Amino acid sequence: MSDQKKWLNNRIRIGWLFVGLGILFILVGVYFEINYSYIPYNVSIITGLGILWAGIGIGLIVKYMAVVKGDQSAKRMMVEEQDERNLFIRYRAGYRAFWVAIILVYIILMWLSMAANGSLLSIGKDLLWYLQAACVLIPFSVYITSFIIDQKRY
Amino acid sequence: MKNRLEEFRNKMSWTQQELADRVEVSRQTIISLENGRYNPSILLAFRLARLFGRQIEDIFIYSEENYHE
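The listed protein sequences derive, respectively, from chains G and U. Numbering of the first sequence is given in this note's numbering, commencing with residue 72 and proceeding in unit increments. Numbering of the second sequence is given in this note's numbering, commencing with residue 5 and proceeding in unit increments.
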């Protein structure tokens, strides 16, 4: 079996793993929603996570199955994903996003600590939710922006 | 870092895609290397040098100005 076939089969297996985990989470989520609807947590988050993982898995399977019969296109895809310039750009984007996330979380934790002893204004539950969402979205935006800039730069 | 990659590639009458396939990188990497925007890893530099039957120094021209790139 050629290197790219092994690589491709491995990727497809990862896709199936995501689908399996997704289905498991959906089932657990639905079970909790039906039987434990009284608990004070939003259990639909589990179902949502399951749908997300299953979606990612299906996406991976479709992406790699599309090139499974063409040796040349499979090799191109493998080369593209393992290309050192692409890895370098992804590494830089990840590094920047990581530090932005760390700084944001640190600022919020410090703010909450200081708000608890009255040094700063306290943060309401709604605002806290938006800040948490920002902690996810801002590093993600930094990753995408860095990726685009470095694609042009290098 | 300056290099003579395009010159060597043209001597062999290879397209950028053909060269990329031979050293197993993307075509974009070859474009960036030829434009001097991206400096290759030592492994890729060796692969390119071997492919053209040359020394690394024949293809990639290092100067002290490149140190902080």
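Please keep in mind that the hints were generated in silico from the structure rather than gathered at the bench. This one's a predicted model, so the numbers in the text were calculated from it and none came from an experiment. One or more of the hints may lead you astray.
As the list claims (entries may be wrong) - Under the rule of at most 16 Å between Cα atoms (straight-line distance), these lysine to aspartate or glutamate pairs were calculated in the EDC-like manner:
1. G:K77 x G:D142
2. U:K15 x U:E38
3. U:K15 x U:E69
4. G:K146 x U:E28
5. G:K146 x U:E38
6. G:K76 x G:E152
7. U:K6 x U:E61
8. G:K146 x U:D25
9. G:K146 x G:D221
10. U:K6 x U:D62
11. G:K134 x G:E151
12. G:K223 x U:E38
How the hints compare with the structure:
no., hint, result
1, G:K77 x G:D142, "holds (12 Å)"
2, U:K15 x U:E38, "holds (14 Å)"
3, U:K15 x U:E69, "violated (28 Å)"
4, G:K146 x U:E28, "holds (9 Å)"
5, G:K146 x U:E38, "violated (23 Å)"
6, G:K76 x G:E152, "holds (14 Å)"
7, U:K6 x U:E61, "holds (11 Å)"
8, G:K146 x U:D25, "holds (9 Å)"
9, G:K146 x G:D221, "violated (24 Å)"
10, U:K6 x U:D62, "holds (11 Å)"
11, G:K134 x G:E151, "holds (13 Å)"
12, G:K223 x U:E38, "holds (14 Å)"
The structure fails to meet hints 3, 5 and 9 from the earlier list, while all remaining hints are met.
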